[in-house]
Amino acid sequence: MSHPATTISSVKLAWALSWAAFWTGFPFKMIVALLLLAAQIHPWEGAGLIALLALSVPIDIWALGLTARTFFLERMGIEVRGPVGIGLWWQGAVLGVVTLGVAYYAVGATAAVCKKATAATLELVNKVIPIPVAEQITIELLMWAVPTTIVAIMFLLIGLKLFGWRIKRFAVASGQTSSASLQERVREWDDWRVPADSILMLVSFTAVAVLLTVAFWVLLPVTTTHRHPDYPPPPTDAVKKKVKPEQLLKKTDATLAKAEAVLELLEKEKAKEKKKPAGPGK
Amino acid sequence: MMPLLQKVYDFVDERIDLKTLEAKMMKEPIKGGSRWAYVFGSVLLFIFIMQAVTGVLLMFYYIPSADHAYASTQFIIHEVDYGWFILSYHFWGSSAMVVMVFAHMSQVFLWGAYKSPREMIWLVGLALFGIVMAFGFTGYLLPWDQRAYWATTVGVEIMDKTPVVGDFMARFLKGGPTPGQMTLSRFFVIHVMVLPGALMGLAGLHLFLFRSAGPAGPFRGTPEELKAKTDFFFPRQVWKDIVAMAAVFLTISSLALIEPVVLLEEAKPDPGDYHPEPEWYFLFLFQLLRWKIFSGELGQFLGATAIPAAFMLLLAALPFIDRGPERNIFKRPIALLSWTVVMIGILVLTVSAIINREFLD
Numbered sequence: 000m001s002h003p004a005t006t007i008s009s010v011k012l013a014w015a016l017s018w019a020a021f022w023t024g025f026p027f028k029m030i031v032a033l034l035l036l037a038a039q040i041h042p043w044e045g046a047g048l049i050a051l052l053a054l055s056v057p058i059d060i061w062a063l064g065l066t067a068r069t070f071f072l073e074r075m076g077i078e079v080r081g082p083v084g085i086g087l088w089w090q091g092a093v094l095g096v097v098t099l100g101v102a103y104y105a106v107g108a109t110a111a112v113c114k115k116a117t118a119a120t121l122e123l124v125n126k127v128i129p130i131p132v133a134e135q136i137t138i139e140l141l142m143w144a145v146p147t148t149i150v151a152i153m154f155l156l157i158g159l160k161l162f163g164w165r166i167k168r169f170a171v172a173s174g175q176t177s178s179a180s181l182q183e184r185v186r187e188w189d190d191w192r193v194p195a196d197s198i199l200m201l202v203s204f205t206a207v208a209v210l211l212t213v214a215f216w217v218l219l220p221v222t223t224t225h226r227h228p229d230y231p232p233p234p235t236d237a238v239k240k241k242v243k244p245e246q247l248l249k250k251t252d253a254t255l256a257k258a259e260a261v262l263e264l265l266e267k268e269k270a271k272e273k274k275k276p277a278g279p280g281k
Numbered sequence: 000m001m002p003l004l005q006k007v008y009d010f011v012d013e014r015i016d017l018k019t020l021e022a023k024m025m026k027e028p029i030k031g032g033s034r035w036a037y038v039f040g041s042v043l044l045f046i047f048i049m050q051a052v053t054g055v056l057l058m059f060y061y062i063p064s065a066d067h068a069y070a071s072t073q074f075i076i077h078e079v080d081y082g083w084f085i086l087s088y089h090f091w092g093s094s095a096m097v098v099m100v101f102a103h104m105s106q107v108f109l110w111g112a113y114k115s116p117r118e119m120i121w122l123v124g125l126a127l128f129g130i131v132m133a134f135g136f137t138g139y140l141l142p143w144d145q146r147a148y149w150a151t152t153v154g155v156e157i158m159d160k161t162p163v164v165g166d167f168m169a170r171f172l173k174g175g176p177t178p179g180q181m182t183l184s185r186f187f188v189i190h191v192m193v194l195p196g197a198l199m200g201l202a203g204l205h206l207f208l209f210r211s212a213g214p215a216g217p218f219r220g221t222p223e224e225l226k227a228k229t230d231f232f233f234p235r236q237v238w239k240d241i242v243a244m245a246a247v248f249l250t251i252s253s254l255a256l257i258e259p260v261v262l263l264e265e266a267k268p269d270p271g272d273y274h275p276e277p278e279w280y281f282l283f284l285f286q287l288l289r290w291k292i293f294s295g296e297l298g299q300f301l302g303a304t305a306i307p308a309a310f311m312l313l314l315a316a317l318p319f320i321d322r323g324p325e326r327n328i329f330k331r332p333i334a335l336l337s338w339t340v341v342m343i344g345i346l347v348l349t350v351s352a353i354i355n356r357e358f359l360d
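Keeping their order, the protein sequence lines are chains U and D.
Using numbering that gives the first Met the number 0, read the first sequence as starting at 0 and increasing by one per residue.
Using numbering that gives the first Met the number 0, read the second sequence as starting at 0 and increasing by one per residue.
Worth flagging that the hints you see were computed from the coordinates, not collected in a lab.
Be a bit skeptical, because a hint or two may be false.
[Said to hold, decoys possible] Once the Cα atoms are required to be at most 20 Å apart in a straight line, the calculated SDA-like pairs of lysine to any residue come out as:
| no. | chain 1 | residue 1 | chain 2 | residue 2 |
| --- | --- | --- | --- | --- |
| 1 | D | Lys267 | D | Glu118 |
| 2 | D | Lys239 | U | Leu201 |
| 3 | D | Lys291 | U | Pro129 |
| 4 | D | Lys30 | U | Ser180 |
| 5 | U | Lys11 | D | Pro217 |
| 6 | D | Lys226 | U | Glu73 |
| 7 | D | Lys239 | U | Phe70 |
| 8 | D | Lys228 | U | Leu181 |
| 9 | D | Lys228 | U | Glu183 |
| 10 | D | Lys226 | U | Glu183 |
| 11 | D | Lys30 | U | Phe70 |
| 12 | U | Lys11 | D | Lys226 |
| 13 | U | Lys11 | D | Ala36 |
| 14 | D | Lys160 | D | Phe171 |
| 15 | D | Lys239 | U | Arg68 |
From just these sequences and the hints, can you work out the full model?
Have a look at this one:
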């Protein structure tokens, strides 16, 4: 009897694992990206990108391991021993780099050729039926983008085919076929994933969620960084000038003493004026 | 479960039969097992709840008057703590809702899930689609800047082309010859009272009908195969729904951070340098109306009213026209071709409108 892993198409197998692993890891990567964005660091360039890529590696290894184990057990009835994620991830990473490198040049060349052909075709069509400019640009975009996408998809299929072939080899080498029914296998897998101390798991999960939420609001700027031209930021001098209570009190006391002295002087002068004898009447 | 939590659970259960409710909610059988394709409905509900939460927070500061709407929105953006983020989340959330409605409708259409006995779910879903679009249309005016004012002017003008009721609808919404205080008041009331009420009622009916008819399940596989793979709503579909909700929440938040709301000038009856256009999800219709064949009275009526109305009527009549039991999209070539043509058409026209905008600017 042939091994269950050899009966499935390589492309389908690689796609099923990669797709599920992508969506499993995606929310975690998004959390990292969101925290970076809240801290005003762009996750698509410089240090932000490096941080995101570095954190994506363990997330991908975990996600790939989880989805591969699930797929092997549920769809193929294979139980895999040992670490699955790391074993598949490095092979996928090497194949991905090679395929992407070749695809980059092939897709670029296809796009260049198709753009030239499209421009020539539309020039001819325009002589017969004039097309509005905006629609012409969109159609042009579609005409060169469609064949370019087809080439990109072909490379994706080649990459998946190669990755699927490696996954099959991995499953045959490290997996053992299970004679249990699908329901039993699913229950076994679910039980395996349920932690022994579910309260501890729930509390830890909630604590991490609270911590991340607090981190997000702490990192997030309180006021907008994209100000409207009519709403300039408050003058920085006023913000920078710190209030020193002792000095302020001393200054106020001095001002009050000065005012008191002036008042006293004025009152004395007024009293003197009152004391002056009245002039001779008419 | 912790003793205290267990006591609370037992207390509530004794009074409202929580166990039965839980069994009904969580143990819904899903033929063929859980799927990522089934997450759109739950995600839509989640987005609506988040829109309601952020909307209420915005209402604490927003003043729906022509004199203060713009200033209060600017106050939210520039003065209120985290106001800019809440407003930007609400703004991007509305776009996410439109995208998800399109995705949900496409999934139902491609899966043939509108067919008997699920015709009523489809019809209520279409009404919900209309409500989501109305939410976007009415909410767009509220910041009262040039973009808001002119998008509404264009939208109401398109509505005006409808025979018999068009004039009444346009006058009712505007409350005067040009958009002003009456327009803002009416749009505000519709946005925060009428539409949420209608959406909650219809979404409840939609869910009730869905639970009554049951999920359609995958379009491939024999009844025996599907039965063998049957799963309950909890935990696998719940997990997929939660992951999808988290992904949507994080995407909307990221968009709010990358591209936060920045208002244009305050609304005025002179567009100045601004080229009026509706929201992005109405751009395809706006671009269609620029075509020569849709110029003139008849052309405008055809493009703005007759074609969209005919399309909506066709969608409503779909379960009654397409009565064949076949649900596999690859065995329904007309359906697949129609969906592809409509999607490419919307994409081409929307991109064309954006390119046109570049030319105009």
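Which of the numbered hints are not met once you compare them with the structure shown? 1 and 12
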